[in-house]
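Colleague: Between the sequences and the hints, there should be enough to build the whole structure, so can you do that?
These protein sequence lines are chains A and B, in that order. According to the numbering used here, the first sequence holds residues 1 to 303 in order. According to the numbering used here, the second sequence holds residues 1 to 303 in order.
Don't read these hints as lab results, they were simulated from the structure. Computed from a predicted structure; not experimentally measured. Treat each hint with caution, since some may be false.
Using 30 Å as the maximum straight-line C-alpha spacing, the simulated BS3-like pairs for lysine-lysine come out as follows [unchecked claim]:
hint, chain 1, residue 1, chain 2, residue 2
1, B, Lys-47, A, Lys-49
2, A, Lys-238, B, Lys-49
3, A, Lys-49, B, Lys-49
4, A, Lys-31, A, Lys-57
5, A, Lys-47, A, Lys-57
6, A, Lys-154, A, Lys-57
7, A, Lys-167, A, Lys-179
8, B, Lys-57, B, Lys-31
9, B, Lys-154, B, Lys-115
10, B, Lys-154, B, Lys-49
11, A, Lys-163, A, Lys-179
12, B, Lys-49, A, Lys-47
13, B, Lys-156, B, Lys-179
14, B, Lys-179, B, Lys-159
15, B, Lys-238, A, Lys-47
16, A, Lys-49, B, Lys-238
17, A, Lys-238, B, Lys-47
18, B, Lys-47, A, Lys-47
19, B, Lys-47, B, Lys-31
20, A, Lys-179, A, Lys-31
21, A, Lys-57, A, Lys-224
22, B, Lys-224, B, Lys-159
Letter by letter, the chains look like this.
2 protein chains.
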Amino acid sequence: MNYEVIILGTSSALPTAERFPSSQILNFREKHFLIDAGEGTQIQMRKYKQSFQRIQKIFISHLHADHFLGLPGLLSSMALLGRENTLEIYGPPGIRTFLETTFSISDAYLTFPVKYIATDHREPQILYEDEHMLISSFPLFHRIACTGFLFREKEKARKFDKKLLNKYFLTPEEIIRIKNGADYQAPDGNFYPNAEITIDPLPPRSYAYCSDTAPFEELAAYVKDAQTIYHESTFTMKHALRAKETRHSTALQAAGLARDAGASQLILGHFSTRYTDLQEFLDEAQPVFANTLLAREGNTYEI
Amino acid sequence: MNYEVIILGTSSALPTAERFPSSQILNFREKHFLIDAGEGTQIQMRKYKQSFQRIQKIFISHLHADHFLGLPGLLSSMALLGRENTLEIYGPPGIRTFLETTFSISDAYLTFPVKYIATDHREPQILYEDEHMLISSFPLFHRIACTGFLFREKEKARKFDKKLLNKYFLTPEEIIRIKNGADYQAPDGNFYPNAEITIDPLPPRSYAYCSDTAPFEELAAYVKDAQTIYHESTFTMKHALRAKETRHSTALQAAGLARDAGASQLILGHFSTRYTDLQEFLDEAQPVFANTLLAREGNTYEI
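Modeller: The following block contains the structure:
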């Protein structure tokens with residue numbers, strides 16, 4: 001089952017000719033979620049052949065310009081293309097004011113309902129849950145109200161070992177019971193404990209999005225379930241003071257967080273325009289956290 | 001003296017992977033004016049190495065999403081780069097509401113003053129005048145309030161013919177008087193009428209921006225001074241009905257306007273995404289108006 005993130009933008013506040021502002025699409029078993037929507041998101045989606053209409057939910061971390069200005073253009077295009085399905089937008093309450101003002105001065109109307117779900121930057125919060133996943137937000141430490149997001153796959157049922165069917169006829173109901181943990185008492189008197197007739201499922205996979213933030217103590221605990229962490233690294237350590245002043249992180253700090261949280265993969269993004277060669281971010285992070293990757297526009301990363 | 005337009009975006013409502021929404025920079029003798037500012041304007045400016053801070057005035061034709069959504073990102077970036085000079089924004093009054101709402105929810109402030117000058121879509125209006133140029137707006141015929149813009153160079157003074165200096169010593173004051181039309185009475189008794197001692201200046205050049213609009217009778221009169229006309233051609237004649245319904249123009253209609261207005265150059269833009277090969281716009285326009293060009297991202301057109 002697919003679980004991957006497609007990067008649309010990796011720049012911090014100022015875009016460059018190649019790097020767009022923050023935006024990415026999380027594909028969780030063919031459900032598409034948009035995380036942040038900087039200016040040009042719809043253009044990047046066109047470029048990398050991502051469907052507008054498959055986006056079900058949008059998550060906005062905070063209201064700095066490089067994280068949400070792509071919303072009205074994207075929503076306008078969804079309407080032009082005739083969308084009817086409800087779009088859910090999770091983020092700070094100001095988003096609603098912004099979008100309603102923008103559409104009202106444009107004399108525009110959307111062809112689909114928008115449901116606004118306000119995030120709370122003061123404590124972790126469950127945003128959405130279904131049988132396969134649980135999505136929550138957690139506080140980040142930035143200049144304005146900002147949250148990260150955690151996308152957790154749920155524990156899967158054990159897999160039924162089909163070898164048992166070579167020996168016995170089982171009803172569908174019996175198979176479901178076994179998948180749910182039951183042992184099997186065969187008609188010939190043999191007894192099979194559940195562990196012998198089922199296979200371990202793949203471990204659940206989780207993805208944490210941490211942008212924008214300075215380092216803070218509780219963060220590792222908030223994201224400790226995530227194998228893959230996307231973490232901003234606006235700066236390297238040579239601009240550590242600037243990072244502190246603007247409440248951003250360095251590559252080294254992002255790597256320390258991934259290590260402390262026990263992650264298995266770290267993706268760095270949100271790079272300041274002052275860096276043209278991004279290799280220095282890797283050089284700084286990898287001694288602390290080896291499996292560090294650089295986010296790049298158009299790249300897909302398996303969770 | 002430079003007078004040229006640099007195209008940043010040529011798409012209509014929906015962008016494509018290659019075509020950005022409307023935006024262009026008019027360079028009039030090294031004064032830079034931004035005309036419309038669709039989403040991604042600042043990214044295109046970075047790509048084509050156009051300075052943010054040299055923009056003195058911005059002109060917004062109307063408040064459809066593809067013509068103004070690039071404003072807040074561009075202004076934010078100007079502020080991040082420390083701009084202090086006043087920025088003037090000419091356009092419908094809703095722009096001020098939009099920008100003030102956007103900056104207020106972002107908790108952002110600009111480092112420079114913004115002066116809003118409201119346009120009037122009901123009649124032609126002079127927006128700005130100095131010794132070299134006159135900028136005015138004029139009504140267009142679209143679904144919402146929309147104006148075009150006319151950038152007229154002023155008649156230049158006649159040039160002093162330096163050959164006269166081979167015969168006589170003239171004071172700077174005498175030279176200025178001749179440039180302004182005076183004849184010259186030489187100390188040796190010879191008399192030189194002004195036409196003999198001056199050279200015709202280059203004719204003044206003008207540029208008209210017409211987007212978005214359906215054809216209407218008065219338009220040719222509004223732009224009759226312009227040698228170069230930029231005119232939307234969202235459609236070709238095979239979608240003439242759709243053009244009429246949405247109050248847009250076809251390539252043929254744009255060519256007719258350029259011919260009726262007596263222009264010498266026509267630039268077509270604002271193409272619908274349904275056309276991948278833009279050659280059909282040229283094929284349709286050129287039999288009516290031969291000197292028709294296609295707007296293309298990154299191209300510069302001499303006025």
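Colleague: Now look at each hint and say whether the structure bears it out.
Modeller: Tested hints:
1. B:Lys-47 / A:Lys-49: Status holds; Cα separation ~22 Å.
2. A:Lys-238 / B:Lys-49: holds (28 Å)
3. A:Lys-49 / B:Lys-49: holds (27 Å)
4. A:Lys-31 / A:Lys-57: Cα-Cα ~9 Å, so holds.
5. A:Lys-47 / A:Lys-57: holds (21 Å)
6. A:Lys-154 / A:Lys-57: holds (19 Å)
7. A:Lys-167 / A:Lys-179: holds (18 Å)
8. B:Lys-57 / B:Lys-31: holds (9 Å)
9. B:Lys-154 / B:Lys-115: With Cα atoms ~25 Å apart, B:Lys-154 and B:Lys-115 stay inside 30 Å; holds.
10. B:Lys-154 / B:Lys-49: Roughly 29 Å separates the two Cα atoms, so the pair holds.
11. A:Lys-163 / A:Lys-179: With Cα atoms ~14 Å apart, A:Lys-163 and A:Lys-179 stay inside 30 Å; holds.
12. B:Lys-49 / A:Lys-47: Status holds; Cα separation ~22 Å.
13. B:Lys-156 / B:Lys-179: holds (10 Å)
14. B:Lys-179 / B:Lys-159: The given pair, whose Cα atoms are some 6 Å apart, holds under the 30 Å limit.
15. B:Lys-238 / A:Lys-47: holds (27 Å)
16. A:Lys-49 / B:Lys-238: holds (28 Å)
17. A:Lys-238 / B:Lys-47: holds (27 Å)
18. B:Lys-47 / A:Lys-47: holds (16 Å)
19. B:Lys-47 / B:Lys-31: holds (20 Å)
20. A:Lys-179 / A:Lys-31: holds (25 Å)
21. A:Lys-57 / A:Lys-224: Holds, at about 24 Å.
22. B:Lys-224 / B:Lys-159: Measuring from Cα to Cα gives roughly 26 Å; hence the hint holds.
Taken one by one, the earlier hints all hold for this structure without exception.
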